[in-house]
Amino acid sequence: MLLIRCPYCEEERPELEFRHAGEAHIARPAPITDISDDDFEGYFFIRSNPKGIVYERWRHIHGCARFFNAVRDTVSDKFLMTYKAGEPKPELKGSSR
Amino acid sequence: MSETYRLSSAGRLTPARTARFTFDGQSYSGLEGDTLASALLANGVHLVGRSFKYHRPRGILSAGAEEPNALVGIHRDAARKTPNVRATVQELYDGLTAVSQNRWPSLAFDVGEMNNIASPMFSAGFYYKTFMWPKAAWTKFYEPRIREAAGLGVAPDQPDPDRYGHCYAHCDVLVIGGGASGLAAALAAAETGCRVILADEQAQVGGALRFEAGARIDGQDGWAWAQEAAVKLATMDNVRLLTRTTAFGYYAQNMVGLVERVTEHVSAPDAAAPRERLWEVRARRVVLATGAIERHMVFADNDRPGIMLASAARAYLNHYGVAVGRNVGVYTATDSAYAAAIDLHKAGVKIAAIVDVRDAPAGPAVEEASALGIEVLVGCMVVRTGGRLRVSSIAVQPKSGGSTRVIPVDALLTSSGWTPAVHLFSQSRGKLAFDEATQRFLPGEYAQDAVSVGACNGTDDLASVIEEAVAAGEKAARESSGKKGKPVSIKAETSENWTGGMLGSIPGEDSNAKAFVDFQNDVTAKDIRLAVREGMRSIEHVKRFTTNGMATDQGKTSNMHGLAIAAETLGKPIPQVGLTTFRPPYTPVTFGALVGHARGALFEPTRRTAMHSWAESHGAVFEDVGQWKRAWYFPNPGEDMHAAVNRECKAVRTTAGIFDASTLGKIEVVGPDAAAFMELLYTNPWQKLEVGRCRYGVMLREDGFIYDDGVVGRLAPDRFHVTTTTGGAARVLNHMEDYLQTEFPDLKVWLTSISEQWAVIAVQGPKSREIIAPLVKGIDISDEAMPHMSVREGRICGVPTRLFRMSFSGERGFEINVPADYGLAVWEAVWAEGQKHDAVAYGTETMHVLRAEKGFIIVGQDTDGTVTPNDAGLDWAIGKKKSDFVGIRGLMRPDLTAKGRKQLVGLRTRDPKTVLEEGAQIVADPKQPVPMKMIGHVTSSYWSENCGHSIALALIADGRARMGERLFVPMPDKVIEVEVVSPIFFDEKGEHLHG
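Here the protein sequences line up with chains A and B, keeping their order. Residue numbers for the first sequence follow the numbering used here, so the first one is 1 and each next one is one higher. Residue numbers for the second sequence follow the numbering used here, so the first one is 1001 and each next one is one higher.
Bound-form chain A, shown alone (with noise of 0.2 Å):
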């Protein structure tokens, strides 16, 4: 079981208290009505799914319900940061986008 730093209670947590919520960084766009086809596929239907880094959504669900990002390395599982939603995407060595 992992063990993942929840940035706002600012501790390690095991991982039955989260639930993940999927590709981190992909925002909503506005106005969401003028976008193309495509567009809206790229958005809403379209993920990276990389071997390596990954940025990803998690919820402390059974903690403070915070959503929160977090970088983890998909080949050895490990999470190499969290962070709060809203703060800047981190560039890390090796990340794929």
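These are calculated hints, taken from the structure and not from any lab test. Don't take every hint at face value.
To be verified - Each computed DSS-like pair below joins lysine-lysine, with the alpha-carbon atoms no more than 30 Å apart: (1) A:Lys51 x B:Lys1974; (2) B:Lys1854 x B:Lys1882; (3) B:Lys1748 x A:Lys89; (4) B:Lys1431 x A:Lys78; (5) B:Lys1836 x B:Lys1913; (6) B:Lys1881 x B:Lys1748; (7) B:Lys1748 x A:Lys84; (8) B:Lys1475 x A:Lys78; (9) B:Lys1748 x B:Lys1882; (10) A:Lys78 x B:Lys1483.
Given the coordinates of chain A, work out where chain B should sit on it, guided by the hints.
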């Protein structure tokens, strides 16, 4: 039968403490401290099982967890029949009952043995090649027969009556393995005062010191030192010593799974004790001291009962005081088997010969054997063995060729060297490195905070092992806890040499011989060569084709042999062929241990409403809706479900019905931007909804499909009382929180789940207002003051209420929300009033029928995640002037606006009494060939007593353009003709709503 192979001069068990047991019905006697295996051997029993595929007679190979052969069933009572227990691990207790497996009619005479005679047919991949045709016969005929014939023990057929515990533990240093290295590391770490857990799979710590007679530690016998160390550790407050505890899995971030066998060794277990305890240990540092596993020699007919690992025979002798034979042969490629021969010789057992494949073995052990007068045949190999149910002879031939000499034996000890037990290291995702000099895989790069010490780290000499372990224990303690203790000094010496050996089989052996690599899955050296010849290049393919290493022992004795033979056949070095991946569990773990308490009533929570006890005492039949128990219907005496539901349905439309709607999800949306937030999350307009009014809201996902629905009341300009579907409560709140926290964080809104806080009593029917009128205070509930779809706050029965005028039945109706603690009292008061008006209590089935009569959808039943508001006939619920809401862009997608989408319609059967099956497919032409073109399906279907005919809702392509059309529902036994109609079957104009 008496223990004729027990030696009074050897072993550590107490002769006076006997234990009776049976094996296949025969009674035997053993000693306390025996394993089942040692007790059987003490009685001269070697034949304990039949092999998996060929049903060959098999004996006891090892004295530990790596055992591939000696699998038995342990029966305590009718419900406690544990299959596939390793006799080498099962501790003896008085009254133990063991049975052999995979044989019929008896162990000595097994009909399945004809597989052995026919074995040229059963080469590797045989099943895949032979049972291919006809395809359908695989699942119906071949597989069940093969599974019956090949197999292990029989699973128990009754529910497991035992309890299993789960524990979580944290420590600075977890030491896995209580042999010399593990004890030394634990002592060093514990001395600093940091928190230490030491786990060992055996009943007593000591590991290889159990048989290693030559070891001296701190001036005393190695085993005695180990027991003293255990006593010392057990008395320290900062140490938890767990014996009979296997570390089976090494998971992320130093979480290690341990399983502790609490009562498996006890004759009459304490009923309060769990059978096993699962430990989930989170350790700052892990010290792996898992030792090494001896390998057998690979040669023709090396699987006869009586042929065993040299170290096992030593353990049976030095610890259990059991001679594994009276005339014992040894076949080896390494020095360590000499020690077994020497120990047995000194105990008075005749050593027939030591056959050593090495051309010029040398060293103290070899010299001592010769000095003792034991015949040593160097540069020779065993080319075959004799005997059926027990080995009776070996045939020895020089490797260079020449004449064969047959030597009678009643047991044969073999050793081809030691394989470091790197299973847990590998599970931790550490990278193994192949050491050319010693031809073994050792821990290389670590992925977690762990360190390996002793034999599992390739350290062979006892003095070096202890030194390495002490240093590692101190370092682990210092780095994990920052603590330092006084230096620990342990002095060790041994005369024994554990290095050397060989992998695979000896070149030049008979290519048709059955030289077993993997005993448990009956894989021979020939099978592995065949796999390579047939094109398997990767060891992963060889493994799956031959099943080498895939049995319950996971190839602990066989993997390296298999790899070496594959590498040799491929002509590649071993590291290039690669090693298969080690995965948890290290040894089999019971389902009970993994499941723990989470079964039966504790599998998941049961949610009951505040009025549950009333429903129960009024005869309700309940149904599960998610975790909720909901009253399904309330049968009167003598009524079946059909009659009860018909009566309830009629009553609601003629007088009134009272319904427990407490399970509805409820969310309070509060804040200055509450209306703006509602505009974004629901399709409907909310800004202009007056305080005190309600609206039916539709929630979409961003892709435009219906996600949830429910009635929303506006209690104040900044306060909405939102209801969701029963099953949707949690995910709707998650969906709202997601958008609020991450997409619209500037909105000043707070979301609160209030599902549990409010009990909901629905009163529906023409008399509903009269029923509640005497109970309500402070609210004018006249039609003029409180029309359909309005909400008021006031009091009922003296307690606060949020009173909704709304209807899911199509009748005039109220939903009384009261604080959950008052739910039952208010319900009883409403019920008492209802009795004056012939009201009934009704359940979820009637609720479903009534809403279907009105064409109201249930999200998740009439929608399936691909239904748009337009498909469901809910276009009116979309705010046409809104510039944004979740799903607005999704609704514009070409596919969602295209023609031919499935739309919600009603269906009437030609025969009004026929009730369609929900989920049934609909076709336009029942005479078309199969597979037919299916144009839709039935989503809801009921008998409607109010309509006098069956009713159904369906999603049908272009459904609304098909009104009046005849369609067909093909069923296995008939075709049902239906007519497409409006989904509103009852009171189409909605006059009932207003009384």
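Exercise. Against the structure shown, which of the earlier numbered hints fail to hold, in ascending order?
Worked result: 1, 5
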